[in-house]
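Spelled out from the first residue to the last, the chains are:
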Amino acid sequence: MVGSVVKAMVQSRFSFSRYPKKTFSWLTTLSIFFAIILATPILGIVFSLFQEGQGNWPHLVDTVLPRYIGNSLILMLGVGTGVAVIGVGSAWLVVMCNFTGKRFFEWALILPLAVPAYVVAYAYTDVLQSSGPVQQMIRNLTGLGFGEYWFPNIRSMGGAITIFIAVLYPYVYLLTRVAFLEQSVCALEVSRTLGRSPLGNFRSVALPLARPAIVVGIILALMETLADFGTVFHFGIQTFTTGIYRTWASMGDRIAAAQLSSLLLTFIFLLVFIERYSRKKARYFQTTTRYTILKRYQLTKWKNFCAVIFCSIPLTLGFLAPIIMLFYMHMSAGHDLSNPRYIVMIKNSITLATTAALVAVVLSVFLAYVARVQRSWLAQVGNKIAAMGYAIPGTMIAVGILYPVAYIDQLINQLAKQFFGFSPGQLFTGSITALILAYLVRFMAVSLNTVESSLGKITRNMEDASRTLGQAKLRTVLKVHTPIMSGGLLTAGLIVFVDVMKELPATLIMRPFNFDTLAIQAYNLAKDERLTQAATPSLVIVAVGVLPLIFLSRKIMQSRTGT
Amino acid sequence: MASGITLENISFHFDQHIIIDEVSFSVDQGDIVCLLGPSGCGKTTILRLLSGLENPNKGRVLLNDREVFGQGVNIPTEKRRIGFLFQDYALFPHLDVRQNIEFGVNPRTRQDLPHDLDDMLKMVDMVDYVNAMPHTLSGGQQQRIALARALAPNPEVLLLDEPFSGLDTALRVHLRQSTHKILKKNQVTTIMVTHDPEEAMFMADKIVLMQHGRVVQMGSPRELYLQPKTLFCADFFADTCAFRAKVVEDKIVSIIGDFLLEDLTTSIANRLNKKKGTGDSALQLFFRPESLMITIESESQAKIDSGLQSVNNGKAIFKINDVHFIGEKQQVDIMLMHRDSADASAIETLHSPVDQDSLLTLAISAKTKVDIGSLISISASAGDILWLEAL
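If you read the sequences in order, they're chains A and B. Residues in the first sequence are numbered from 9 upward in steps of one, following the numbering used here. Residues in the second sequence are numbered from 862 upward in steps of one, following the numbering used here.
Bound conformation, chain B alone (with noise of 0.2 Å):
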């Protein structure tokens, strides 16, 4: 498939502050790729240099294989064919929502347009609001005709800031449905910003996650979600949890219970052979919360605690902190403490969501089991992640 952006060995820096590193990606024409990461990664001013309104130090941009800034070239921002849908919208306060929508709109080539106002209107369902001044329209009508204005010059790109941030959470997920229709059915090129997991990968064909002003991982949400590269990757998409463990013969044992090295897939197991060769036993073992899978041993007893439950699989005690309704699931905030711990300070507090049906016959086991499936990683040391792909 064509590309249509591409960023090539991207940076930006003034004063000694890098912002943005060595950044390198491309989008296929038609896809929605989302720049994801935490505040002040970088992710707004990848849309500012891709539109042109910041200059990048070094670099390529290639926007439908036209080269828009590179050595010796330097397109204005108002020939590069763009559309950029702001975080506050930016709609002039001056115009009616018709001149709004209008303003991008060469009238000399307005024919030559694929669809015209009303057909604008119609799509962001905004035909009765035509006239109306800005300030009169709500948050999530002005983000529609920003979005309308966006595309109406029918731009080879588009780039959205954070475009649903100021919304409330109902008309967030119905906006995002909405835009994410209009972009498909329009097979518009998109970059859009968010430093919302949950929305990057409702919206995304391709997810580029971001920090300190560098690529982190990229790929598709299912990817990043449970295949993550680092644990930074793990833990902004969701809760993980982390436990200490070591490599003893055949088996990885740790404080939730032994895992057998034969379960791993070859490669890992190799390199975990190979750290027990070494001496060093010593690894953590990563899972979301959710993978935590709690099961009643008929000979175990529940341990009555603060009208709480709490029980030992024989290496730590489960607690049951806290259980906090949050509609179709329950969290259950679960303690964990070393047995013979003389303080009985917790190693890890767990929020595991459980489905309301299971409340009743909720308690804590005797014996806990994660799925060697769902266990996400296993870092060996500092910085070395390996992946566990499931059984």
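So that you can see chain A by itself, here it is in the shape it has in the complex (with noise of 0.2 Å):
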């Protein structure tokens, strides 16, 4: 999640001052308020774990759930590793050294995180397959029949890993980046002076002191990792997220589809324990405010070379080659984008897309603005619930929404029945409020942090400046926060838009009956082996999501700490 590498880059500077705080008042109230429906999901997974179900919980433990817990760990260790050595390296190469290319790199490496990974997944299973067109080359080239011939197979452990490491390494990338920007000058130049050389330099001052932002880049990768539902469905490979899909939606077993929640949850807690602790240590990392132009290493020839490749095979894997072969199967035999059916489609997209944002954003601009103006503690702890959600993946938010919900419906009909003598119906179970909430729950912490961040621009004595300066609240906000912050707002409104538009796993458990966004629209058509056709949807849920992210990540590239 984009939001997240904002948040870690951008760390907001709110510190309390020594006047008077508030600890309550209607404006925390509703804070507060707003904060708990958030924190619904966990709860009620939470609440699962005192539920008897049918009965199937036993019955997972004995048979899936250790394939599960096997499944995401082979898949983590993997992940965790590419995108390490492929997030740190580029990292360094583009901040220390000077090569072909470098200045394009620097901003492109970010764009895989456009591509959503199952679209990634959809478009190497029809190019790489054996009816694929590279396997159809193979064997007209080399006249050899179908399994004659050794060739990896793309729907593996192996293949699911691969295409993770491709879109997932630029969260490691972005972090690692910065911290290397930060601490460079300072603490490399000493280290040159005492006889390193530039790859003794990496080893021992460079990755010591990046350790704590590359750690957070890895679990945010992680987090990513095991929320994913697209990607390990179409490869058939049994993770948590799949098996509560299926718990939930074969089994029809909402309380054990929950109680396998909370067994995830206790693995992402462990993640959110580990970043959280990473970044806490990050922030005495900085010795020094001064920074000068980094004097980098030029390379040239082979080394050159090297450089170059290093940094094409990512963007290549994660971005271009998906790109291009998408590209390939619309033109080949995709389906007609103006067709009245896509039209539908796309307008559903948009809008859930658009609501999630608009409301993501004002929401988000309501309980910064509540915990800074109250100066309550209070306040500051709900956001923080606010932005739990993070972490969470769509499919255990989803199953955690639908207890509450379904509770509510069942009381609402319970009260209307005995009051007014007629049930009304599921009013929020597979209603577009629960969709939007789910998306709330799952990006909020992407807009507040952004939102917070760009309010953490605008100093208390800014606020009060215009106060003494003759202008009352109101046309203080609107001439000196608006303005400042009209930026930040744009860019939390983008993300989460982007970020609505590719979810699938909280859409598909949670959509109204007979309501088809474009992720579903392709992951319907990719289930059902028409990945060529599958390209249409995914080519457009990209090109929503790739110009945002060129226009920040330019924009991310503009910004260098101390200059």
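Simulated from the structure, these hints should not be mistaken for laboratory data. We put the CB at the ideal spot given by N, CA and C, even for glycine. Some clues are possibly wrong.
[Claimed, not checked] Just so you have them, the derived chain A footprint on chain B, three or more residues with Cβ under 8 Å:
1. 930-941
2. 958-970
[To be verified] Here are the simulated lysine-lysine pairs, DSSO-like style, with alpha carbons at most 27 Å apart:
3. B/Lys919 with A/Lys481
4. B/Lys1042 with B/Lys983
5. A/Lys487 with B/Lys940
Assembling the complex is the task here: the two chains are given apart, and the hints tell you how they should meet.
Set out below in structure tokens:
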């Protein structure tokens, strides 16, 4: 999730003043109320631990649970190692070295973030499977028949790990790049004067200094891996997310699905704990606020060539190749986007994404502003709770929301029957409202962190200066806050918009009956092995995601600590 | 003279922390008052209470005899007509210099102002920067723009919160001179917060010294420096030296010399005589290090000790510990020890500034003399400070 990365890069500088803190007011109460609503899925899952299900839990423990845990661990190990090597290596190259195309790679290496892993999986499967163009070409060139030669199976654990590495390494790249930029001059030059070679410098100074940032990057990538549903489902790898979906969809056991989720929650909390610990440590790693222009190593000949190859491979695997494949697939047998069904799907996707983005931004502004003006620790805690959902997979959020929503529906029906003699049916279950709530739970952190960091740019003294210069509170918000924060609000909205466009599992579980989005269409077509047709909705999702990401990546690249 | 700012019994507290405790003072129109004190003593809070950014728990605030806070009265900040220069200047980053300065100017009443934008820019010597963005300006330039912005709406009073604190020494000296000139020329009633006594003495018509949310002493810079009422006040402005002494017959006897009671003002001499009558004759002497006058007597032979000189006056050993070059003057660290003390531990180290010219003639004399006129105070017991007026 891009927002988490932005959060890590731009830590909010909010601090309490020594003036009275307002612990209780209607504004704080309201912000706590929103926080509790956003914490509903977790509360729902925790609550499920005390519920009696349909008796599937012991069966799950005996049969599939060890496989879910084992597969999830193998995935995490493989993805963690891969993203660390590629992310750290590419970050070191673009920060410390001059080589051909460095300026291009600096921002382009982020682009795989725009492509959902499941879309990449569909593209690779279509091209690399035995009936795909690559293997056909091999057979045509060698004259060998099907099964007479070795070719890696993309639908495997190795294939899934490769795809996750290709699309998730930017998390490590982004954070490590910033860490290298911040530490570089002060520590590295001392190390050089003490006799370290460039490589020795990297090993003994840069890497240990950047370690907290690297750990945070890896953890974010692992969270996304655990949260993924589309890729592992398509590749037939049984993990927690697919297990939760199957338990809910096939066995119809909502309680067992929630109990399975609670086990995944333990995994996630462990990752969150490590991430928080590393992030806390990272704050103390800065020893100076003085920065000078970096002196980069000039790479020539084969070193230059190797650097270009090292940066090209992840960019190609995670972005260029899938885009070309999707485009090729779409051109060869894709759907017509002007088809009324597609128009409806695009409209649905855009409606959901726009609504979620608007609500998320408005709510974020409210929560961030209340925490600031009220100077209340309660509101601060509320905001932390509201942002907790970023670590929780969509499948779990869906299961976690369905339980309380179904309970509310049941309650309303009982009360309506008791007082008015009729049952209104399921008001919230399977409604757009519940789906938007799921998106808010999942992506609130993205929006809240971005809004908080742009609010952090406005110092308390700026607000006070405006007041002493004759502007009342509302006019101060209009003349000072709004223009300074407009870029941040736009960014927050864009990120949520793109994330919602890509979101699959929560939408799959919670969407209203017969309500399809582009992500659902891509999933359905891929599920039916109509991969070529799946390229069309996938391409639209990527196109929507890539434009804001280019804008953001350019903006991120322009920022340089200390300049 | 009419009062520009009046604070009456202002108190401000929260969570059982008393931030401001019964503070009262007033500022005459056109005067500059400096709130001086250590960090956390409540100086900035006074400015925030005055401007309405925080509300006192009790008391009254009057600006140009108009009550802006009091029983049932609380005029909002934006209507108090206050200029506020913040410590970090708080320039708006999305506006250029012109827009920053004009931010507080109401377009409808602009023509009624005694000055326009160009006047403000000229006043702070920033005419060439009218279209510059704040982040392109140096700290000193930002300070001047913030000052112009605070003065542009023609406020009734100006509040300055440590306006020179983030600047280097040379720039600080230059800016405080120019700011003082601007404020005096425009007759702006000003309260400035600072923790630098030298800055306060330079800028202020009156200094209000604060400690733990209370006013310790207020008066002209000269009064506070030369006639401090408390040890805290004496110490805050400059180093003081303290010596134990006792009243014996008609003299104050101390390790640094004896003083005749008849040299003191009558009232103090009377009090000391009374003290003598109680049988408790112990007291303490305080003076500024620069008051220590060191003379050489021919019969005294300087005793060379570790390359530095030391000598005794019959009661104590004076030893020059170190000499530091500090520009126009030299700082001489003199250690004072009991003559008969076996461990020769220092009872006081004096850091006395001495003119460069006197370096060569400087030696410790057998007889050290403190001019009675420069003896700043005598403490008969803790908290009992008697001011000795110069004779």
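Hints and how they fare:
Residues of the region 930-941 of chain B lying with their CB closer than 8 Å to a CB of chain A number 5, which satisfies the three-residue condition for coverage. Counting residues of the region 958-970 of chain B whose C-beta sits closer than 8 Å to any C-beta of chain A gives 3, which meets the bar of three, so the coverage hint holds. Distance restraint check for B/Lys919 and A/Lys481: the Cα-Cα separation of roughly 24 Å lies within the 27 Å cut-off, and the hinted pair is therefore satisfied. The hinted pair formed by B/Lys1042 and B/Lys983 meets the criterion: a straight-line CA distance of about 13 Å does not exceed 27 Å.
Taking the CA atoms of A/Lys487 and B/Lys940, the gap is about 17 Å. The hint holds against a cut of 27 Å.
The structure fails none of the hints (numbered hints given earlier).
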